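If you want the building blocks of each chain, they are given just below.
Number of protein chains: 2
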Amino acid sequence: MSSEKSGDVRATRHIRLTSHPGQQGPSGAPAIHWGAATAAKRGPVIGTTTNRSQRNVIGTHSGSYGVYRALAVAAGNLVKGHRADLTNTSPTDLIGPNPQWGEAEKMVSIDPWGASVADVFSEHIAQGYDVRPTIAVTKAHIDLPEIRHAMVFQRLIPDNRVLLENGSAVVTKVAIEPVWWLPGVARRFNVSEADLRRNLFEETGGMYPELVTRSDLEVFLPPIGGQTLYIFGNPRDLADSNVTLTARVHDECNGSDVFGSDICTCRPYLTHAIEECIKGAQQGGVGLIAYSRKEGRALGEVTKFLVYNARKRQLGGDSADKYFLRTECVAGVQDMRFQELMPDVLHWLGIRKIHRLVSMSNDKFDAITGSGIEVGERVKIPDELVPADARVEIEAKIAAGYFTDGAVPDGDQLAATKGRTLG
Amino acid sequence: MSSEKSGDVRATRHIRLTSHPGQQGPSGAPAIHWGAATAAKRGPVIGTTTNRSQRNVIGTHSGSYGVYRALAVAAGNLVKGHRADLTNTSPTDLIGPNPQWGEAEKMVSIDPWGASVADVFSEHIAQGYDVRPTIAVTKAHIDLPEIRHAMVFQRLIPDNRVLLENGSAVVTKVAIEPVWWLPGVARRFNVSEADLRRNLFEETGGMYPELVTRSDLEVFLPPIGGQTLYIFGNPRDLADSNVTLTARVHDECNGSDVFGSDICTCRPYLTHAIEECIKGAQQGGVGLIAYSRKEGRALGEVTKFLVYNARKRQLGGDSADKYFLRTECVAGVQDMRFQELMPDVLHWLGIRKIHRLVSMSNDKFDAITGSGIEVGERVKIPDELVPADARVEIEAKIAAGYFTDGAVPDGDQLAATKGRTLG
Numbered sequence: 001m002s003s004e005k006s007g008d009v010r011a012t013r014h015i016r017l018t019s020h021p022g023q024q025g026p027s028g029a030p031a032i033h034w035g036a037a038t039a040a041k042r043g044p045v046i047g048t049t050t051n052r053s054q055r056n057v058i059g060t061h062s063g064s065y066g067v068y069r070a071l072a073v074a075a076g077n078l079v080k081g082h083r084a085d086l087t088n089t090s091p092t093d094l095i096g097p098n099p100q101w102g103e104a105e106k107m108v109s110i111d112p113w114g115a116s117v118a119d120v121f122s123e124h125i126a127q128g129y130d131v132r133p134t135i136a137v138t139k140a141h142i143d144l145p146e147i148r149h150a151m152v153f154q155r156l157i158p159d160n161r162v163l164l165e166n167g168s169a170v171v172t173k174v175a176i177e178p179v180w181w182l183p184g185v186a187r188r189f190n191v192s193e194a195d196l197r198r199n200l201f202e203e204t205g206g207m208y209p210e211l212v213t214r215s216d217l218e219v220f221l222p223p224i225g226g227q228t229l230y231i232f233g234n235p236r237d238l239a240d241s242n243v244t245l246t247a248r249v250h251d252e253c254n255g256s257d258v259f260g261s262d263i264c265t266c267r268p269y270l271t272h273a274i275e276e277c278i279k280g281a282q283q284g285g286v287g288l289i290a291y292s293r294k295e296g297r298a299l300g301e302v303t304k305f306l307v308y309n310a311r312k313r314q315l316g317g318d319s320a321d322k323y324f325l326r327t328e329c330v331a332g333v334q335d336m337r338f339q340e341l342m343p344d345v346l347h348w349l350g351i352r353k354i355h356r357l358v359s360m361s362n363d364k365f366d367a368i369t370g371s372g373i374e375v376g377e378r379v380k381i382p383d384e385l386v387p388a389d390a391r392v393e394i395e396a397k398i399a400a401g402y403f404t405d406g407a408v409p410d411g412d413q414l415a416a417t418k419g420r421t422l423g
Numbered sequence: 001m002s003s004e005k006s007g008d009v010r011a012t013r014h015i016r017l018t019s020h021p022g023q024q025g026p027s028g029a030p031a032i033h034w035g036a037a038t039a040a041k042r043g044p045v046i047g048t049t050t051n052r053s054q055r056n057v058i059g060t061h062s063g064s065y066g067v068y069r070a071l072a073v074a075a076g077n078l079v080k081g082h083r084a085d086l087t088n089t090s091p092t093d094l095i096g097p098n099p100q101w102g103e104a105e106k107m108v109s110i111d112p113w114g115a116s117v118a119d120v121f122s123e124h125i126a127q128g129y130d131v132r133p134t135i136a137v138t139k140a141h142i143d144l145p146e147i148r149h150a151m152v153f154q155r156l157i158p159d160n161r162v163l164l165e166n167g168s169a170v171v172t173k174v175a176i177e178p179v180w181w182l183p184g185v186a187r188r189f190n191v192s193e194a195d196l197r198r199n200l201f202e203e204t205g206g207m208y209p210e211l212v213t214r215s216d217l218e219v220f221l222p223p224i225g226g227q228t229l230y231i232f233g234n235p236r237d238l239a240d241s242n243v244t245l246t247a248r249v250h251d252e253c254n255g256s257d258v259f260g261s262d263i264c265t266c267r268p269y270l271t272h273a274i275e276e277c278i279k280g281a282q283q284g285g286v287g288l289i290a291y292s293r294k295e296g297r298a299l300g301e302v303t304k305f306l307v308y309n310a311r312k313r314q315l316g317g318d319s320a321d322k323y324f325l326r327t328e329c330v331a332g333v334q335d336m337r338f339q340e341l342m343p344d345v346l347h348w349l350g351i352r353k354i355h356r357l358v359s360m361s362n363d364k365f366d367a368i369t370g371s372g373i374e375v376g377e378r379v380k381i382p383d384e385l386v387p388a389d390a391r392v393e394i395e396a397k398i399a400a401g402y403f404t405d406g407a408v409p410d411g412d413q414l415a416a417t418k419g420r421t422l423g
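Chains as they are written, first to last, in UniProt numbering: chain C, 1 to 423; chain E, 1 to 423.
These are computed hints drawn from the structure, not numbers from a lab.
Computed from a predicted model, the values in this text were never measured in an experiment.
Don't take every hint at face value.
Identical chains blur together in the list; that is why a pair holds if it fits in one copy or across any two.
What the hints assert, rightly or not - Here are the computed lysine-lysine pairs in the DSS-like style, where the Cα-Cα straight-line distance is at most 27 Å:
{"#": "1", "residue 1": "Lys139", "residue 2": "Lys80"}
{"#": "2", "residue 1": "Lys322", "residue 2": "Lys353"}
{"#": "3", "residue 1": "Lys322", "residue 2": "Lys279"}
{"#": "4", "residue 1": "Lys139", "residue 2": "Lys353"}
{"#": "5", "residue 1": "Lys322", "residue 2": "Lys80"}
{"#": "6", "residue 1": "Lys380", "residue 2": "Lys279"}
{"#": "7", "residue 1": "Lys322", "residue 2": "Lys380"}
{"#": "8", "residue 1": "Lys139", "residue 2": "Lys418"}
{"#": "9", "residue 1": "Lys80", "residue 2": "Lys380"}
{"#": "10", "residue 1": "Lys139", "residue 2": "Lys279"}
{"#": "11", "residue 1": "Lys139", "residue 2": "Lys322"}
{"#": "12", "residue 1": "Lys397", "residue 2": "Lys353"}
{"#": "13", "residue 1": "Lys418", "residue 2": "Lys80"}
Use the sequences and the hints to build the structure in full.
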């Protein structure tokens, strides 16, 4: 084990560039026993920047917004060491504990106890440990134009429980920050933990040397976006496989989800899924939308727009047979979303069966069923909801393995499926 | 200057935990002269993880999605050292160069040459430098239910240029990744560069030791979300202050922007702004939506939902007079969005006057005008678009300084403005 040598080019106060095992001393941080059946045995996840000796993870809270918090301290807006006042913030609905919480390998990217820290780690907090929630659960009314439209056409009828007369749907919603247990993440991707740590460090240009100096710290709070759940009906029904579950796992696409770009099916499929969730909940079932912050297949929006240009300018124009190729040329991969980690949230909710999966993605289907969750029906996006310029995408995906109950397009058909040129 | 001592707890290959000035050797990275008037004098921003000796920044490309790229390399999906094939990816519309690009302090968080690297740094690329775009410009058709609704009520009439018969609006859209010039960012926040660097490092739990070891590297690619622009009309008109500009600067709110939560005015104000942008462009002007990834006032969604619960459960219920207090108790600040950096994108576009600013925010107004851009009219959200449960927010903000042409609520009125309880 190498000893540390740290340097500070400007300030006078000592800056520690990284830490090494054993430096903290015996009084330090509580141990984390990932996958232990109870919160007491598992121990709290502590990513505070206030008291270094309490820390038992690499990284800090709030995903990428930790950078803004650091900026707020630098700018003098936020007092260094502010402790959150958690009064009245506890979950509106209890999720779990579910049996899956006691199986380490079932959930490697979520802290199952992250919503209830004020309760289950109250003793630690009373002793001065800065334990923060990584999950928050609240209630909301959501009002979407597409749902009002479905009401006008009487595809949806208000019941004043799930869907109100004014067009609002009543939901429980959950925000979740990523908490990665590195040994488990490595196993999901069939790599050694050492290789995972080293690549996470080196391929980010040197983020968090503790990834390589602190093999004793097994938990990483990565600076990335998390996910949001929208639950229609009673959240506790999610864990009851006798209650019909309608679910969509949706990956963020700002251009469609917010702005309605017609080059893909993202928002239409999402709002169709919400309609199906409402119907399902009205019929005594429960609905779930799991929304992940993975813009542009987790390549980010700059890469996504570069690919759009390359698709629309290539020789022969934008065609379904070259859909994946253009992404691969620019980004080096067709997709970076890693559905391998996606089922974690389903296990957190206690789900054992999805009766109606509103997704055609084979990657998502394989990840879900591969993790031990049964899938019943797969619900396609209705043809009339596919936007004008999105045929290229959907046909290319069907040819590559996306679910369909129709014909799979052949090479000629793919080549003939063309999108708009750049105007 | 301290020398480096690096350690590797597991692997056999040497891992460098951080770097120090001068290690790269003379053949190394091109210099960056921030604010230089031409691309050649400024030099390329190089955040590659492929060839360390080329790097002239801290951090890497793609904002927080750099973590996914690292995961892709670890998982063996992405070949280490993949170089992007930029064929056909160049901008559909040229933005600039504008005179503001030659003023270092006007833009401290965007690389003005980030869209045109394949062109302006073609020689570097030919020499093997891994220069990547941080900005991408493309064309799109966007189709929003609210715009179709405005057409039904003949508030909008298709002109087949800006707005098509089928309800789609024709836009130029731009994705931008953050590129922070640290000396300039520090001056924006009136802190020393050393304090900024130190706090960014320490308050993220030790991200990027180069922030403190490499004072010679002045540029940082932070792992945070960027922004997206939607331009209605001719993008080059943005730099012409004789052309009427309608603009909204919008901060992400996934719960409203995508899901239509009725607790705030975000999506209704955004779609109203899009309607105003379309109208303006049809009348010979130009429209701009600048959308920033700053979820929940850049506190993140977990904190946002915790605050919702605290607001709705407090003694006396959710009321406008305690709106800001609840955020401050949980998060330590009322807001972490830092409008100080927001005007950069306006200067990048060459904007000198916003004739119609579709925003009531005093923070945004102050930041824009303080940066030297003239603002004409300020356009309120129409009363009928404020959702049921969003009165608390909008009244609290008006009392705190948001623009209004009506009366400012007093203490009694604020206390009487109540939101829904948790049901």
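Okay, the hints, checked on the actual structure:
1. Lys139 <-> Lys80: neither (31 Å within a copy, 44 Å between copies)
2. Lys322 <-> Lys353: neither (36 Å within a copy, 43 Å between copies)
3. Lys322 <-> Lys279: Classified as neither; 38 Å inside a copy, 37 Å across copies.
4. Lys139 <-> Lys353: Intra 24 Å, inter 41 Å, cutoff 27 Å: intra-copy only.
5. Lys322 <-> Lys80: between (52 Å within a copy, 24 Å between copies)
6. Lys380 <-> Lys279: within (16 Å within a copy, 36 Å between copies)
7. Lys322 <-> Lys380: within (23 Å within a copy, 46 Å between copies)
8. Lys139 <-> Lys418: Between copies, since 16 Å is at most 27 Å while 43 Å is not.
9. Lys80 <-> Lys380: Answer is neither; intra-copy 50 Å and inter-copy 36 Å both fail.
10. Lys139 <-> Lys279: within (19 Å within a copy, 36 Å between copies)
11. Lys139 <-> Lys322: For Lys139 and Lys322, only the inter-copy Cα distance (19 Å) is at most 27 Å; the intra-copy one is 44 Å.
12. Lys397 <-> Lys353: For Lys397 and Lys353, the Cα distance is within 27 Å only inside one copy (25 Å; across copies 45 Å).
13. Lys418 <-> Lys80: neither (56 Å within a copy, 33 Å between copies)
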